[in-house]
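J.: Kindly generate the complete structure, drawing on both the sequences and the hints.
Just so you know, this note's numbering puts 813 at position 11 of the sequence shown, and the rest follows in order with no gaps.
One thing to keep in mind: the hints can contain errors.
Claimed, not checked - Now the in silico label distances, taken between C-beta atoms and shown as ranges: (1) Pro898 - Ser834: 22 to 32 Å; (2) Ser880 - Tyr928: 26 to 36 Å; (3) Gly930 - Ser899: 22 to 32 Å; (4) Ala830 - Pro864: 31 to 41 Å; (5) Tyr896 - Pro942: 17 to 27 Å; (6) Gly900 - Pro942: 39 to 49 Å; (7) Pro941 - Asp844: 33 to 43 Å.
Because the hints were derived from the structure by calculation, they are not lab data.
Cβ atoms here follow ideal geometry from the backbone N, Cα and C, with glycine treated the same way.
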Amino acid sequence: MGRYRNNITWFRCMSTPPVVIYPSPKFAFPRSYVPGFFVRHDFGVPVLTDNILTFTIDGPIPAPHRFTLYPNFVPWSSNKYTLDFTFTDGEYFYVPSGTWLPVAYIVGWDFLPGFVRSRITLNAFYGGTWSFVDLPSAPPDYWLPPFPPQPPIVYP
Numbered sequence: 803m804g805r806y807r808n809n810i811t812w813f814r815c816m817s818t819p820p821v822v823i824y825p826s827p828k829f830a831f832p833r834s835y836v837p838g839f840f841v842r843h844d845f846g847v848p849v850l851t852d853n854i855l856t857f858t859i860d861g862p863i864p865a866p867h868r869f870t871l872y873p874n875f876v877p878w879s880s881n882k883y884t885l886d887f888t889f890t891d892g893e894y895f896y897v898p899s900g901t902w903l904p905v906a907y908i909v910g911w912d913f914l915p916g917f918v919r920s921r922i923t924l925n926a927f928y929g930g931t932w933s934f935v936d937l938p939s940a941p942p943d944y945w946l947p948p949f950p951p952q953p954p955i956v957y958p
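T.: What follows is the structure, given as structure tokens:
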């Protein structure tokens, strides 16, 4: 019994509130195996610019969210990373005060039904839409087949 661990681990990442990472923060994977993220949000489309992922979550006042990725993780490579080295920070913009505040979130490694490759899931606990955010893929002459385009999934 002593050698088994919980499947979910709480991890404190920089200045953000506790982050849930599954299967564990030290779950290692090659960046080349990650075609992108599966993001929970509300309206619009999540946008990845440089190493900043932004999207909006609805509420009494819509709240823009931004998540900072480790800069070395974004470009395609065959390097290995762990789940705790994907995002460095997560924040949301609280309109009445005009400040960015830390946000709790879940980062996970998921295999989605009907898809060939796994994705990293980013869940900020709210939102009714799940969308794919693509990361740069392998050069054309690399041995992996190109990532097929993925349609957005909307759950009722």
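J.: Now tell me if each hint is right for this structure.
T.: Hint by hint, here is what the structure shows:
1. Pro898 - Ser834: 22 to 32 Å: violated (43 Å)
2. Ser880 - Tyr928: 26 to 36 Å: holds (35 Å)
3. Gly930 - Ser899: 22 to 32 Å: Holds, since Gly930 and Ser899 (Cβ atoms, about 25 Å apart) stay within the stated range.
4. Ala830 - Pro864: 31 to 41 Å: Holds, since Ala830 and Pro864 (Cβ atoms, about 36 Å apart) stay within the stated range.
5. Tyr896 - Pro942: 17 to 27 Å: violated (44 Å)
6. Gly900 - Pro942: 39 to 49 Å: holds (46 Å)
7. Pro941 - Asp844: 33 to 43 Å: The hint (33 to 43 Å, Cβ to Cβ) holds, given that Pro941 and Asp844 are roughly 35 Å apart.
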